[in-house]
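Trainee: Residues per chain are reported as follows:
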Amino acid sequence: DAGVTQSPTHLIKTRGQHVTLRCSPISGHKSVSWYQQVLGQGPQFIFQYYEKEERGRGNFPDRFSARQFPNYSSELNVNALLLGDSALYLCASSPTDFRDTFEKLFFGSGTQLSVL
Amino acid sequence: GNSVTQMEGPVTLSEEAFLTINCTYTATGYPSLFWYVQYPGEGLQLLLKATKADDKGSNKGFEATYRKETTSFHLEKGSVQVSDSAVYFCASGGGGGATNKLIFGTGTLLAVQP
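Heads up: the protein sequence lines correspond to chains B and P, in order.
Numbering-wise (my numbering), the first sequence opens with residue 401 and increments by one.
Numbering-wise (my numbering), the second sequence opens with residue 1393 and increments by one.
These are calculated hints, taken from the structure and not from any lab test.
Please note that the accuracy of each hint is not assured.
[Said to hold, decoys possible] Label pairs and their calculated CB-CB ranges:
(1) A1409(P) with F469(B): 44 to 54 Å
(2) T1462(P) with T420(B): 37 to 47 Å
(3) S1450(P) with K413(B): 20 to 30 Å
(4) S427(B) with E1461(P): 39 to 49 Å
[To be verified] Here are some chain P residues pointing at chain B (derived, C-beta under 10 Å):
(5) V1396
(6) E1407
(7) F1410
(8) Q1430
(9) G1486
(10) K1493
(11) T1498
We put the beta carbon where it would ideally sit given N, CA and C, even for glycine.
I would like the entire structure built from these sequences, with the hints used as guidance.
Mentor: Shown next as structure tokens:
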């Protein structure tokens, strides 16, 4: 079975540009979460979506937005890129959004974004 | 707010040495606690978990016990192997203020030498 897939795997952008990252969850999973992992730090929660609705938002500026599609795939959009947005962006999927499904949370390998 | 603090690395050990990576947490309510492992070029993988006080999570020879009195969840392994070399993250989830997200520590790089 396919795991969580993210595309692209690597991306280089310049300051001020816009970027879209994509995530396909494990088949049957209806919840997708996004995390930002800056080099040398732990992942930080950005968003969670369940059944196409936003269920949680981390402490990130409005330049960050996301959406979930009817097939449960998701996009993370970042506008007006800053150098500090350079990071590994991780997507995770789970069957539901309930707290007891943390053990069913699976991460993708991430998209490495470099902002020059 | 909720937070997780873990010991800084890198931790360098010889094969078959004993491993301890310290982790403490602050949280409202009673979070579940986790250890994740990240191998080079890969995503995070759940290593073990504990959902309530005094629970012991274990997997692949690794263990960690949820200590409410010391708010700790230290990771241990009796005999490490070269293949254990990776970055280890302690995380909390589902505490009183955060029902649908994980809060991670900064990660500890473990390097095991043959």
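Trainee: Each hint needs a verdict: does it hold in this structure or not?
Mentor: Now for the hints, and whether the structure bears them out:
Look at A1409(P) against F469(B): about 48 Å separates their beta carbons, and that is inside 44 to 54 Å. At about 44 Å, the beta-carbon gap between T1462(P) and T420(B) stays in the expected band of 37 to 47 Å. Taking 20 to 30 Å as the suggested C-beta distance range, the pair S1450(P) and K413(B) does not conform, at roughly 43 Å. Remark: the range hint 39 to 49 Å for S427(B) to E1461(P) is upheld by a beta-carbon distance near 42 Å.
Below 10 Å, beta-carbon pairs count as interface contacts, and V1396(P) has one with chain B at about 8 Å; its hint therefore holds. Interface hint status for E1407(P): violated, as the beta-carbon distance to the closest one in chain B is roughly 26 Å, over 10 Å. For F1410(P), the interface hint is violated, since its Cβ never comes within 10 Å of a Cβ in chain B; the closest pair sits about 24 Å apart. For Q1430(P), the interface hint holds, since its Cβ comes within 10 Å of a Cβ in chain B; the closest pair sits about 9 Å apart.
Because the beta carbon of G1486(P) sits about 4 Å from the nearest beta carbon in chain B, less than 10 Å, this interface hint is met. Among the interface hints, the one on K1493(P) holds; its C-beta lies about 4 Å from the nearest C-beta in chain B, closer than the 10 Å criterion. Checking T1498(P) against chain B by beta carbon gives a least distance of about 5 Å; that is within 10 Å, so the hint holds.
The earlier numbered hints that this structure contradicts are 3, 6 and 7.
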